[in-house]
Amino acid sequence: MHRTPRANLYLGLVCLVFAVAIAGLWVPFDTDSGLLETVRRRVSIGDALAPTIAAFFIGFGGLLLMVSDRNANDQPALSAVHLRFIVALVALLVVVFSVMRWTGPLAVALVGPEEPYRILRDTAPWKWLGFAAGGVLLVTGLIAAIERRMSLRAVLIGLGVVLALIAVFDLPFDDLLLPPNGDV
Amino acid sequence: MGVLDYIWLGVLAVFQGPEIGLLGLALPVTPVMILGGFLLGIMVGATPGLAGPMAMAISLPILISTFGFNPDALLPVFGFLIGVMKGATVGGAVPAVLFNTPGTPDAFMTTLDGYPMTQRGQAKKALRVAHFSSASGDTFSDLVLIICAPFLAVLVEAYLDLPEKTALLILSLAFIASVIGGSVGKGLIATGLGLLAAYVGTGEDFYPRLSLGTEALAQGFPITTAVLGVLILGEVFKGLDDLWTERLTNQRYEGAAAHGDQTLSRGDLKRIFPFIGRSALIGTAIGALPGVGSTLAATLGYTVGRARHAKTRTDDTPAFGDGAMEGVAATEAANSSVSGANLIPVLSLGIPGNAAAVFLILAAESIGGFNPGPSVFKFSTDSVNPELVIAFGIFTAMFIANALNWTIGGVFMRSMGIMIRIPKHILLPSVLLLTLTAIYVQETRLSAIWFAIGFGVLGYVMRRLGISPLPFVIAFILGSNLEETARQAFAATGGDPFFLFSSLTASALMLLTLIVIVFSLRPKKEPTLT
Chain E
152 MHRTPRANLY LGLVCLVFAV AIAGLWVPFD TDSGLLETVR RRVSIGDALA PTIAAFFIGF
212 GGLLLMVSDR NANDQPALSA VHLRFIVALV ALLVVVFSVM RWTGPLAVAL VGPEEPYRIL
272 RDTAPWKWLG FAAGGVLLVT GLIAAIERRM SLRAVLIGLG VVLALIAVFD LPFDDLLLPP
332 NGDV
Chain R
30 MGVLDYIWLG VLAVFQGPEI GLLGLALPVT PVMILGGFLL GIMVGATPGL AGPMAMAISL
90 PILISTFGFN PDALLPVFGF LIGVMKGATV GGAVPAVLFN TPGTPDAFMT TLDGYPMTQR
150 GQAKKALRVA HFSSASGDTF SDLVLIICAP FLAVLVEAYL DLPEKTALLI LSLAFIASVI
210 GGSVGKGLIA TGLGLLAAYV GTGEDFYPRL SLGTEALAQG FPITTAVLGV LILGEVFKGL
270 DDLWTERLTN QRYEGAAAHG DQTLSRGDLK RIFPFIGRSA LIGTAIGALP GVGSTLAATL
330 GYTVGRARHA KTRTDDTPAF GDGAMEGVAA TEAANSSVSG ANLIPVLSLG IPGNAAAVFL
390 ILAAESIGGF NPGPSVFKFS TDSVNPELVI AFGIFTAMFI ANALNWTIGG VFMRSMGIMI
450 RIPKHILLPS VLLLTLTAIY VQETRLSAIW FAIGFGVLGY VMRRLGISPL PFVIAFILGS
510 NLEETARQAF AATGGDPFFL FSSLTASALM LLTLIVIVFS LRPKKEPTLT
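In order, the protein sequence lines correspond to chains E and R. Here the first sequence stands for residues 152 to 335, where the numbers follow this note's numbering. Here the second sequence stands for residues 30 to 559, where the numbers follow this note's numbering.
Treat the hints with caution; some may be incorrect.
Unchecked claim - Partial pick of chain R residues on the chain E-facing surface, computed with a CB cut under 7 angstroms:
no., residue
1, Ile93
2, Gly214
3, Ile218
4, Thr220
5, Leu224
6, Arg238
7, Pro458
8, Thr473
9, Ile482
10, Glu512
11, Thr514
12, Gly524
Claimed, not checked - Simulated restraints on C-beta separations:
no., chain 1, residue 1, chain 2, residue 2, range
13, R, Asn129, E, Leu257, 49 to 57 angstroms
14, R, Phe98, E, Gly185, 33 to 41 angstroms
15, R, Thr243, E, Val241, 31 to 39 angstroms
16, E, Leu186, R, Ala247, 49 to 57 angstroms
17, R, Lys407, E, Leu257, 52 to 60 angstroms
18, R, Gly242, E, Gly175, 17 to 25 angstroms
19, E, Gly185, R, Lys407, 34 to 42 angstroms
20, E, Ala239, R, Ser409, 31 to 39 angstroms
21, E, Leu257, R, Gly242, 29 to 37 angstroms
22, R, Thr243, E, Gly175, 19 to 27 angstroms
23, R, Asn129, E, Val241, 46 to 54 angstroms
24, E, Ser302, R, Asn99, 44 to 52 angstroms
25, E, Val194, R, Ile544, 40 to 48 angstroms
26, E, Ala318, R, Ser404, 46 to 54 angstroms
None of these hints come from the bench; they were simulated from the model. This structure is a prediction, so every number in the text was calculated from the model and none was measured. Where a beta carbon is used, it is the ideal one built from N, C-alpha and C, also for glycine.
Chain E with its partners taken away, still in its complex shape (with noise of 0.2 angstroms):
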């Protein structure tokens, strides 16, 4: 039996709940003025106006979805496997950028000199250290994902995006700071 899809009409749901809630609690509860503000009886547009109308909008689109497109041919859905995709990559991201983030201070911890990484961190070959482990965990990592085995060739492709990286935004440039030298 045909099944009638069904995205598009979850997708307006989900916006239109979305709408209320920015509408109803987010924009009330977070900006300072109303929609309309009342100053030495001058009225002027106040702060919650613009993303009240941005809520409407959202809102009225989702409305469009379930009454309009609600039986449209054409309905693309997020699957599980999407879902799993994209919640496996970002957890790669945060692994990364923890490691971009921390590598350089523990090795100036452990091996460097006395002063602090802060110190360091536009200084060779400390600068670099963190931005190499994570960058060539990400290529690496993205690259052996893909191709189902790691393999030296994807580990030598990583270092290579990296140095080329270096070369092009850390080496000609003395005001550029590559991640994550501007945080520590």
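Take the given structure of chain E and dock chain R to it, following the hints.
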């Protein structure tokens, strides 16, 4: 200062600007940057999985670091970005013709006749047709831009006051939401999300609105994180997911042996010229409308060309879809003539019409000293308007890029068949790291990376749900401008709640907004491309 003086100053700004030393010669930097951008654009366009906007996004922080935040940086940076934009359009035809794989989405229709020509041993001829048609369409479109943009801007400044400008912005957003992606509902959702993101951490009150009391949100979302996140990271995430789910296949790309004459004869030009002319008109008209992309232009150009060809062709010439050079010409002229015309709404109204225009606005906002919009075209006679000089500098840069396209573009393009051999599963992780690094060097804080990743996830989800990310980006860029103009219009009309209907023009623009939405809601006939 007359009009001709401004044009001349624009030309001089390109050729007498800062210089660069190359091979012992001191060359003006802007033409060199146009050349660099153009060659990079062809390479990027010829590489499936990459696109012009990606190259523009990644180049921007490097360009800004190289040239700094001063008005002298504007033309070299714009020149490079314009070069990329034009090069990528030409380059997209290479893998479409040689390997049946469009390098850019708008080159899909080129595969329909380009690849059959390759299979018949006419690959070089097909590439020559694609290049000639692309360069012709592009040049025509630039001429229309140069003629129309100043006139439109002058008209807007002369006849539109604050309420009308607000109504015009609303009409533009409604138009973009309605025409992109084929679903008005989804377009409105993307527009609403873009506006919402633009309003986080901003406003006129002491407390930054919608910041949830956090320091990170109080500064708002940097424009780079939203634009690069949704447009570039979202696309990279989707590409990685496709590779992950489909599993790798060792695709082999083999060329076909050449047969027959590969040059473009006078007779060939006579055959394709009417198709180029029609498609250039279609592409330019479509390009002038904000948000309507080159893919639609290519489809329309091809469809109109096919109908015409079916009536006029003789039995010994192939039909559209069977390797007709007219098919390649119709598609390439149409998609290339979008790029120049797409800058009409950017330069005259400050409304970006496509992803490439978004990056031009991003460059202008990052560097400062140039605010695309009607005020650029103020022909002040008593003093020099520097923005107008820059505008004519941009037009000069476009003509230099066209000259490069006509002279070396074809040769360089025909040598780019090799780019398809770069494996996508190596390219995409590299682009991901490159984009995140580019965002960090501009913003210098890890929170910007997390914002960008968040917007990347949003861009990925939007693509999976069939929602175009472009209305989001355009709404994000126009959001603060819309609010500011509305505030001023409201104040100027003495707090009139119906200020959007305070004049005939404003009412007409609002009525047009309603018509656009209602018209787009009508059920559409499925396009048939056989």
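So, going through the hints one by one against the coordinates:
1. A hinted interface residue such as Ile93 of chain R counts as satisfied when its beta carbon comes closer than 7 angstroms to some beta carbon of chain E; here the least separation is about 10 angstroms, so the hint is violated.
2. Annotation: Gly214 of chain R was flagged as interfacial toward chain E, and the flag holds, the nearest CB pair being 3 angstroms apart, inside 7 angstroms.
3. Checking Ile218 of chain R against chain E by beta carbon gives a least distance of about 4 angstroms; that is within 7 angstroms, so the hint holds.
4. Given the 7 angstroms rule on beta carbons, the hint for Thr220 of chain R holds: about 5 angstroms separates it from the nearest Cβ of chain E.
5. Taken as an interface hint, Leu224 of chain R checks out: its beta carbon lies about 4 angstroms from the nearest beta carbon of chain E, inside 7 angstroms.
6. For the restraint placing Arg238 of chain R at the interface with chain E, the shortest Cβ-Cβ distance is roughly 4 angstroms, inside the 7 angstroms limit, so the hint holds.
7. With a cut of 7 angstroms, the hint placing Pro458 of chain R at the interface with chain E holds, because the nearest CB-to-CB distance is about 4 angstroms.
8. With 7 angstroms as the threshold, the beta carbon of Thr473 of chain R comes within range of chain E, its nearest partner Cβ sitting at about 3 angstroms, so the hint holds.
9. Taken as an interface hint, Ile482 of chain R checks out: its beta carbon lies about 6 angstroms from the nearest beta carbon of chain E, inside 7 angstroms.
10. At about 4 angstroms, the closest approach between the beta carbon of Glu512 of chain R and any beta carbon in chain E falls short of 7 angstroms, and the interface hint on this residue holds.
11. At about 11 angstroms, the closest approach between the beta carbon of Thr514 of chain R and any beta carbon in chain E exceeds 7 angstroms, and the interface hint on this residue is violated.
12. Because the closest C-beta pair between Gly524 of chain R and chain E is about 4 angstroms apart, less than 7 angstroms, the hint holds.
13. The beta-carbon spacing between Asn129 of chain R and Leu257 of chain E, approximately 50 angstroms, falls within the hinted interval of 49 to 57 angstroms.
14. Checking the proposed 33 to 41 angstroms range against Phe98 of chain R and Gly185 of chain E shows it holds: the Cβ atoms sit about 38 angstroms from each other.
15. Distance hint check: the CB atoms of Thr243 of chain R and Val241 of chain E are about 20 angstroms apart, inconsistent with the given range 31 to 39 angstroms.
16. Separation of Leu186 of chain E from Ala247 of chain R is about 22 angstroms and departs from the stated range, judged on CB atoms against 49 to 57 angstroms.
17. Taking the beta carbon of each, Lys407 of chain R and Leu257 of chain E are about 57 angstroms apart, inside 52 to 60 angstroms as hinted.
18. Look at Gly242 of chain R against Gly175 of chain E: about 19 angstroms separates their beta carbons, and that is inside 17 to 25 angstroms.
19. The beta-carbon spacing between Gly185 of chain E and Lys407 of chain R, approximately 37 angstroms, falls within the hinted interval of 34 to 42 angstroms.
20. Judged by the Cβ atoms, the range 31 to 39 angstroms given for Ala239 of chain E and Ser409 of chain R is violated: they are separated by roughly 57 angstroms.
21. Separation of Leu257 of chain E from Gly242 of chain R is about 33 angstroms and conforms to the stated range, judged on CB atoms against 29 to 37 angstroms.
22. Here the CB-CB span from Thr243 of chain R to Gly175 of chain E is close to 21 angstroms, well matched to the stated 19 to 27 angstroms.
23. At roughly 35 angstroms, the beta-carbon separation of Asn129 of chain R and Val241 of chain E lies outside the given 46 to 54 angstroms, and the hint is violated.
24. Taking the beta carbon of each, Ser302 of chain E and Asn99 of chain R are about 47 angstroms apart, inside 44 to 52 angstroms as hinted.
25. Distance hint check: the CB atoms of Val194 of chain E and Ile544 of chain R are about 31 angstroms apart, inconsistent with the given range 40 to 48 angstroms.
26. Evaluation of the 46 to 54 angstroms hint for Ala318 of chain E and Ser404 of chain R yields a failure: the beta carbon distance comes to about 41 angstroms.
The earlier numbered hints that this structure contradicts are 1, 11, 15, 16, 20, 23, 25, 26.
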